[in-house]
Amino acid sequence: MQYDEKRLTRIVATDCGSTTTKAILIEYVDGEYRQTIRGEAPTTVEAPLNDVTKGVINSTQELEELARLKYNNPNIKFMENGEFIIPRKGDVGVDAYVSTSSAGGGLQMMVTGVVASMTGESAERAALGAGAIVMDLIASNDKRMNHEKIERIRHLRPDMILMAGGEDGGTIKHVVEMAELVSGADPKPRLGSSYKLPVIYAGNNQAVDEIKKTLASKVDLIVTDNLRPKLETENLGPARDKIHDIFMEHVMQQAPGYNKLMEWTQGPDHHRVPIMPTPAAVGNIMQTIAKDEKIEVVGVDIGGATTDVFSVFTEDYVFNRTVSANLGMSYSISNVLASSGLANIMRWVPFDINESELRNMIKNKMIRPTTIPSLLEELVLEQAIAKEALRLAFEQHKEFASSLKGMQRQRDISEAFSQSTSGASIVNLMSLDLLVGSGGVLSHAPRRFQTVMMLIDAFLPEGVTRLAVDSIFMMPHLGVLSEISPKAATEVFRKDCMVYLGSCVAPVGRGKYGKPALYAKLELPDGTVFEENIPFGEVRLIPCEAGKVAKAILKAAPGLILDSSKAKELSVELHGGQVGIVLDTRGRQPFTLPTEKSERIKYLKKWMRELKAYPEDILV
Amino acid sequence: MGQAYSAGLTVTDSMIVRKERILPLKGKVLVTKGTKVKAEDVVAETLLPGKVVPFNLANKLGVTPAQLEKYIKIKPGDQITKQSILAENSGLFGLGIFKSEVRSPVDGEVESISAVTGQVLLREPRIPVQVRAFLDGIITDVIPDEGVVIENKSAYIQGIFGIGDETTGELMLLAETPDDEIDAGKINDSCKGKIIIAGSFVPFHVIEIARKHGVKAIITGGIDDQDIKKLLGYDIGVAITGHENIGLTIVCTEGFGKITMAKKTFDLLKQYSGHKASVHGHTQIRAGVIRPEIIIPLDFTEDELVSKEASMPILEIGTLIRIIRQPHFGTIAKVTALPEELTKVESETLVRILEAEFDDGTRIRIPRANVEVIES
Numbered sequence: 020m021q022y023d024e025k026r027l028t029r030i031v032a033t034d035c036g037s038t039t040t041k042a043i044l045i046e047y048v049d050g051e052y053r054q055t056i057r058g059e060a061p062t063t064v065e066a067p068l069n070d071v072t073k074g075v076i077n078s079t080q081e082l083e084e085l086a087r088l089k090y091n092n093p094n095i096k097f098m099e100n101g102e103f104i105i106p107r108k109g110d111v112g113v114d115a116y117v118s119t120s121s122a123g124g125g126l127q128m129m130v131t132g133v134v135a136s137m138t139g140e141s142a143e144r145a146a147l148g149a150g151a152i153v154m155d156l157i158a159s160n161d162k163r164m165n166h167e168k169i170e171r172i173r174h175l176r177p178d179m180i181l182m183a184g185g186e187d188g189g190t191i192k193h194v195v196e197m198a199e200l201v202s203g204a205d206p207k208p209r210l211g212s213s214y215k216l217p218v219i220y221a222g223n224n225q226a227v228d229e230i231k232k233t234l235a236s237k238v239d240l241i242v243t244d245n246l247r248p249k250l251e252t253e254n255l256g257p258a259r260d261k262i263h264d265i266f267m268e269h270v271m272q273q274a275p276g277y278n279k280l281m282e283w284t285q286g287p288d289h290h291r292v293p294i295m296p297t298p299a300a301v302g303n304i305m306q307t308i309a310k311d312e313k314i315e316v317v318g319v320d321i322g323g324a325t326t327d328v329f330s331v332f333t334e335d336y337v338f339n340r341t342v343s344a345n346l347g348m349s350y351s352i353s354n355v356l357a358s359s360g361l362a363n364i365m366r367w368v369p370f371d372i373n374e375s376e377l378r379n380m381i382k383n384k385m386i387r388p389t390t391i392p393s394l395l396e397e398l399v400l401e402q403a404i405a406k407e408a409l410r411l412a413f414e415q416h417k418e419f420a421s422s423l424k425g426m427q428r429q430r431d432i433s434e435a436f437s438q439s440t441s442g443a444s445i446v447n448l449m450s451l452d453l454l455v456g457s458g459g460v461l462s463h464a465p466r467r468f469q470t471v472m473m474l475i476d477a478f479l480p481e482g483v484t485r486l487a488v489d490s491i492f493m494m495p496h497l498g499v500l501s502e503i504s505p506k507a508a509t510e511v512f513r514k515d516c517m518v519y520l521g522s523c524v525a526p527v528g529r530g531k532y533g534k535p536a537l538y539a540k541l542e543l544p545d546g547t548v549f550e551e552n553i554p555f556g557e558v559r560l561i562p563c564e565a566g567k568v569a570k571a572i573l574k575a576a577p578g579l580i581l582d583s584s585k586a587k588e589l590s591v592e593l594h595g596g597q598v599g600i601v602l603d604t605r606g607r608q609p610f611t612l613p614t615e616k617s618e619r620i621k622y623l624k625k626w627m628r629e630l631k632a633y634p635e636d637i638l639v
Numbered sequence: 443m444g445q446a447y448s449a450g451l452t453v454t455d456s457m458i459v460r461k462e463r464i465l466p467l468k469g470k471v472l473v474t475k476g477t478k479v480k481a482e483d484v485v486a487e488t489l490l491p492g493k494v495v496p497f498n499l500a501n502k503l504g505v506t507p508a509q510l511e512k513y514i515k516i517k518p519g520d521q522i523t524k525q526s527i528l529a530e531n532s533g534l535f536g537l538g539i540f541k542s543e544v545r546s547p548v549d550g551e552v553e554s555i556s557a558v559t560g561q562v563l564l565r566e567p568r569i570p571v572q573v574r575a576f577l578d579g580i581i582t583d584v585i586p587d588e589g590v591v592i593e594n595k596s597a598y599i600q601g602i603f604g605i606g607d608e609t610t611g612e613l614m615l616l617a618e619t620p621d622d623e624i625d626a627g628k629i630n631d632s633c634k635g636k637i638i639i640a641g642s643f644v645p646f647h648v649i650e651i652a653r654k655h656g657v658k659a660i661i662t663g664g665i666d667d668q669d670i671k672k673l674l675g676y677d678i679g680v681a682i683t684g685h686e687n688i689g690l691t692i693v694c695t696e697g698f699g700k701i702t703m704a705k706k707t708f709d710l711l712k713q714y715s716g717h718k719a720s721v722h723g724h725t726q727i728r729a730g731v732i733r734p735e736i737i738i739p740l741d742f743t744e745d746e747l748v749s750k751e752a753s754m755p756i757l758e759i760g761t762l763i764r765i766i767r768q769p770h771f772g773t774i775a776k777v778t779a780l781p782e783e784l785t786k787v788e789s790e791t792l793v794r795i796l797e798a799e800f801d802d803g804t805r806i807r808i809p810r811a812n813v814e815v816i817e818s
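Chains A and B, in that order, are what the protein sequence lines are.
At position 87 of the first sequence (counting the first as 1) the number is 106 in the numbering used here, and the numbers step up by one without a gap.
At position 130 of the second sequence (counting the first as 1) the number is 572 in the numbering used here, and the numbers step up by one without a gap.
Just chain A, same shape as in the assembly (with noise of 0.2 Å):
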């Protein structure tokens, strides 16, 4: 169901997240939607409170208050009795409410399929896309024992299962043999047990009546379309869709307070509007970027818990999501510390600091995780930490999304002497256009400059590319929003959402600290000319506003290149923003940081200087 201004004239969006409830109030004023107000309280889902509404409750009476601070009105109101009041009639109520939830863990999925690399892999970005988190991938041929998959399908007791795996037509026998170990693992929902595991079946449809007789008696059988009907055919959407479906129906019926939460989100005419799992809803949003500018785009949302990297690449624009399940700024941030080791956290700080003191620091954010770094040395700390998750992260995103694996290839001539094979990944940093940042630590880092810092320490774009952080972290709230009012979630992502940065243009390849690495002429929109050869190693920040545009001239030094066809000069136009045009030759592939400590804190401290990452008395 969707509505037009007239009925949508005040909106609450809620994202109910494993830790923060955030509330954001859409109005309708002068003729557009804008965001105008925003609040947050704690995430309730757990004891004591065992009720997700209540800090539905305390941030929506933060929105309140606020805005009747905004409005000097104190007749405002948006609930009366916990409850909300909809539709809106004049100072009181709201026309719609909508949610996001990744609270309780979010949606926790196993996907089995027979080749891990094909229908397996296939079953894991169904179930990534549709926004859950994969626990395993149980495949015929992932050498395991079968007595090891039934074991381990037994505990890890997901929300639900999908389940993949052959061609039409093709043969039946594995996959039949993966329902029997599913069958005889009996595996039991992580939510409560008074109903059956639901299981997606999305595999060969000749096997579909040996799958009911192995499994219809023991979990509740869902049959949709093969994923991958073909080999060289992925057909995600109606297995995202039951996904979707039971989510709903399901597992959120099991959340505590999930049953008044899915009662309360609707339109103005009480039609329900189903609560969406917040990565979904984020990954909507990303999908609408790509396809209206027409460009390649990579997103990344990074949690307390969990770190997401979205991407559309290719003129297909193929989509792919990534969780990183154990990358994150809070509840996972000790993890991070453990996949990266401190020595790749310790080369981003530009001050000596105590190793020990610093694990325990990490350990007591792990548990105290709604902390904020009050001084600033932990937020350089925080933010060190920050850029390994993200490398962490993006290194998962590019290894999945690849091409299908196991297709044959025909390929021509000039293909013959090239390592292109299937299963390579699509993700190209040099075609990339835009990257998108959200997640606390980049949506709300207290100077744009550190988001930008962060953006390019880890992910490293290559070539051109534009820099968007999501400014105070509504991409779920819109993704939701779009579903009964598209207009209203597009202006208010164009005109609230999305903060331009500006952009970054760092030539690839390898040079020597000093020696000459990038001749760089920007006419810039105020008529200045900003002129320089830049030494390797160097970074170089020119300010242009959002909005606006620099005319540039760019020629790469021997062993550096600018753009995918390998140009070592290129006339481009540079988009500006919050924070203007970063200008990096630290080179790519490889990137490396000097090696001596003392020399690499020299340096660390000279790009935080040029970015304007931090007050000067850190950096002396």
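It should be emphasised that the hints constitute simulated quantities derived from the structure, not laboratory data.
It cannot be assumed that every hint is accurate.
Once the Cα atoms are required to be at most 25 Å apart in a straight line, the calculated DMTMM-like pairs of lysine to aspartate or glutamate come out as [said to hold, decoys possible]:
no.: 1; chain 1: B; residue 1: 634; chain 2: B; residue 2: 669
no.: 2; chain 1: A; residue 1: 237; chain 2: B; residue 2: 669
no.: 3; chain 1: B; residue 1: 786; chain 2: A; residue 2: 635
Note that the structure is predicted; figures quoted are calculated from it, not measured.
Fit chain B to the given chain A structure using the hints.
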């Protein structure tokens, strides 16, 4: 805004504790409503399904899955031993020459037989599991076939982080003050079976000595991250703990590093030194927060078992708070103001802050997110 919600750990000299003790699978409840139980009593038991052993019978016999039906000697539900013949063929020309048979690799039960894959699933014998009461109290509810609810009145302390499973024992105060770091020499055979109370820190070598002397649990203000790694043999990535088998349980009340134990916590533990307590180190910080607990049962009458409605601690002027992040980590202060507007702190982060006063009269402004309410 005159007040705000804030996270906090419960430390109280008296509250009604209600614990569900549920079997992992349906089974038998051994006690009835109203029964008084001791922590060590078994209240419910069940048999967990045994391990499933997949076995490709068709392959073993050298026939196709479809042919298996002709040779199979078992059906789902049959009890089997290692001697049981699962299938046999009739040999060359059906004369029994070169006859082959396949015996079960395990004792147990036949779960299923597949004509598509030729695979049989055999299930090993069931495994008995018992659930103990964990705390002295009274059974106030029985959930048929699943478990019980036990209630009591207790002095109660929630820890921030722990390792090790449920245990019970007598509290024994070893630290003199909340900022004391206990001396290894204080741990001797008199500590066997006890829950010892350290002050601000317990280093690895002291934990080792405690383990040697049969200490059941250690309660400490802080612990070092690297000491935990030494104890467990691995680094904790995500805080889901409580099932480590390290010979004792550790409950940390404040955090990582050397941190003075909150005075209220220390005083409470001191008051009840010599009393029996139930403790566990279960910690799960993500999704379904679980914190370690120290439960010290008190005498009570049944009519006292009315628990207060759960509520979130409220920050208001006069509230006593503990600071849970640098600077001033671990110190106590009193809230003096809760300004509404966002304020820039040293890290330049714009946050909601509060103003508070220390005992000596000095005042600070800190993010509201960096404090927890000390409930009175």
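Verification of the supplied hints:
no.	hint	verdict
1	B:634 - B:669	holds, 22 Å
2	A:237 - B:669	violated, 46 Å
3	B:786 - A:635	holds, 17 Å
Going down the numbered hints, you'll see the structure goes against just number 2.
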